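Undergrad: The residues making up each chain are set out below.
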Amino acid sequence: LNCRGKPELRERLAAEYVLGTLRGRARARLQRWLRDDAELAREVARWEARLAPMAGAVAPVSPSARVWQQIENRLGSPKKTFSLWKALGLMASGAAAALVAVALLLPLLQPGSAAYIAVLSDPKTNQPVLVATADAKGTVLRVNTLNPAIHVADRSLELWALPRGGQPRSLGLVSREERGTLKLAAAADKSLSDVPALAISLEPRGGSPTGQPTGPVLYTGPCVKYW
Amino acid sequence: VAPSAQALEPLLARTALGDRAAFRELYQATASKLFGVALRILRREDWAEEVLQECYVSFWRHARDYNAGRAAPMTWMTSIVRNRCLDWLRRPNPEPLDDEALQEIESDNPGPLAELEKGRDTAALARCLRGLEAKQRQAIALAFFDGLSHAELAQHLREPLGTVKTWVRRGLLRLRSCLEPAAKELP
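Chains as they are written, first to last, in this note's numbering: chain S, 10 to 236; chain D, 241 to 427.
Any given hint could be a false lead.
[What the hints assert, rightly or not] Counterexamples of contact, computed for chain D against chain S with all Cβ distances above 10 Å: (1) Arg-280; (2) Glu-289; (3) Gly-359; (4) Arg-370; (5) Gln-378; (6) Leu-397; (7) Arg-409.
[What the hints assert, rightly or not] Distance windows between CB atoms, simulated: (8) S:Ser-73 <-> D:Glu-373: 38 to 44 Å; (9) S:Lys-15 <-> D:Arg-264: 44 to 50 Å; (10) S:Pro-157 <-> D:Glu-373: 53 to 59 Å; (11) S:Thr-190 <-> D:Ser-272: 41 to 47 Å; (12) D:Ala-391 <-> S:Ala-196: 54 to 60 Å; (13) D:Val-297 <-> S:Pro-218: 53 to 59 Å; (14) S:Ser-73 <-> D:Arg-398: 32 to 38 Å; (15) S:Ala-50 <-> D:Glu-373: 49 to 55 Å; (16) S:Thr-134 <-> D:Glu-285: 44 to 50 Å.
Derived from the structure by calculation, the hints contain no laboratory data.
Because the structure is a prediction, the values reported are computed rather than measured.
Every residue, glycine too, gets a C-beta built ideally from N, C-alpha and C.
Build out the structure end to end from the sequences listed, making use of the hints.
TA: So, in structure tokens, the structure goes:
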């Protein structure tokens with residue numbers, strides 16, 4: 010028994026589920042359907058969007074301080090948790106700019122899949138200027154420029170991978186567009202797995218003529234795997 | 241007034257990246273609202289605390305599943321809390337809702353609609369709730385705020401079950417067409 014093909018019933022059940030009047034076995038049954046009925050889940054989400062704001066009318070009540078303590082206890086020691094935030098060194102940087110970086114970064118992360126992320130900052134101001142991301146199995150490096158003022162007229166900015174114990178490897182020129190892409194030589198799991206950092210150097214127009222950075226290194230930042 | 245989506249989205253984003261400090265800020269910005277919601281439905285402080293804990297642990301673990309395009313942060317969090325509360329009520333023998341308990345529930349209190357009218361995002365909802373027939377509004381408010389089932393609504397409002405179900409159903413449909421006048425009506 011299910012409710013497919015009965016739009017009126019589906020809408021009513023979704024609405025009553027969200028309102029809370031659907032109880033007992035009917036509620037449990039709807040929850041089972043929700044697991045593999047994406048359209049029903051969307052119907053529920055639409056009703057949540059309509060009704061949840063009613064909660065704004067409920068008087069807030071401060072929970073006891075022990076509630077937060079117990080939540081923290083249940084999360085386990087923070088040291089065990091890998092913090093991308095910290096790994097990227099964003100803790101120390103300006104909060105506002107770091108938020109921009111993360112806001113850009115998050116939609117790029119597909120839940121459940123690994124990705125490489127690098128955040129390059131200006132060492133003078135500690136502000137992130139550019140975020141590069143790649144899916145672990147992908148060969149596309151997405152480059153988001155956070156600060157368009159980094160570009161210099163008649164010169165090019167070149168992005169480099171700095172492999173552990175090896176020569177810098179060019180990843181290509183930073184696009185003057187806010188969002189650009191570069192092609193990696195191999196899947197990120199190969200080409201970035203041994204690259205703890207990326208850097209940007211100022212080069213003649215068109216990029217370094219030698220295959221190695223020739224101008225000053227303006228921006229650097231850690232490159233980490235996240236999953 | 242509920243915390244704004246603009247304030248909460250970056251906190252959820254940072255929580256998704258494992259940032260404890262952001263998670264704490266998220267808690268501080270939202271916990272009293274969500275505790276109020278849970279307490280009103282469960283009517284017992286210890287249970288509301290337990291549900292709140294479970295929900296925040298779940299926010300921490302599932303912040304990455306949050307999709308800003310799909311729901312406002314408070315909608316996402318409120319829905320998780322309300323669902324957890326309603327599931328809790330399904331446990332064998334929760335707080336018995338006897339006549340006395342039902343009397344305690346303020347009968348004609350749809351929550352201060354004035355509070356909703358202040359919010360930019362909730363003003364339309366407040367207007368649509370006001371537009372419902374009084375009985376529809378009362379039934380919907382008691383169900384949403386106090387977690388009453390159809391049977392409890394019938395008992396509390398002293399009306400036949402079928403009548404109460406009709407109020408709820410018609411009230412919900414009217415609310416929907418008021419909120420989305422362009423939405424096509426189902427046959």
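Undergrad: Taking each numbered hint in turn, which are not upheld by the structure, reported in ascending numerical order?
TA: Checked against the structure, the hints that fail are numbers 1, 2, 3, 7 and 15, while the rest are satisfied.
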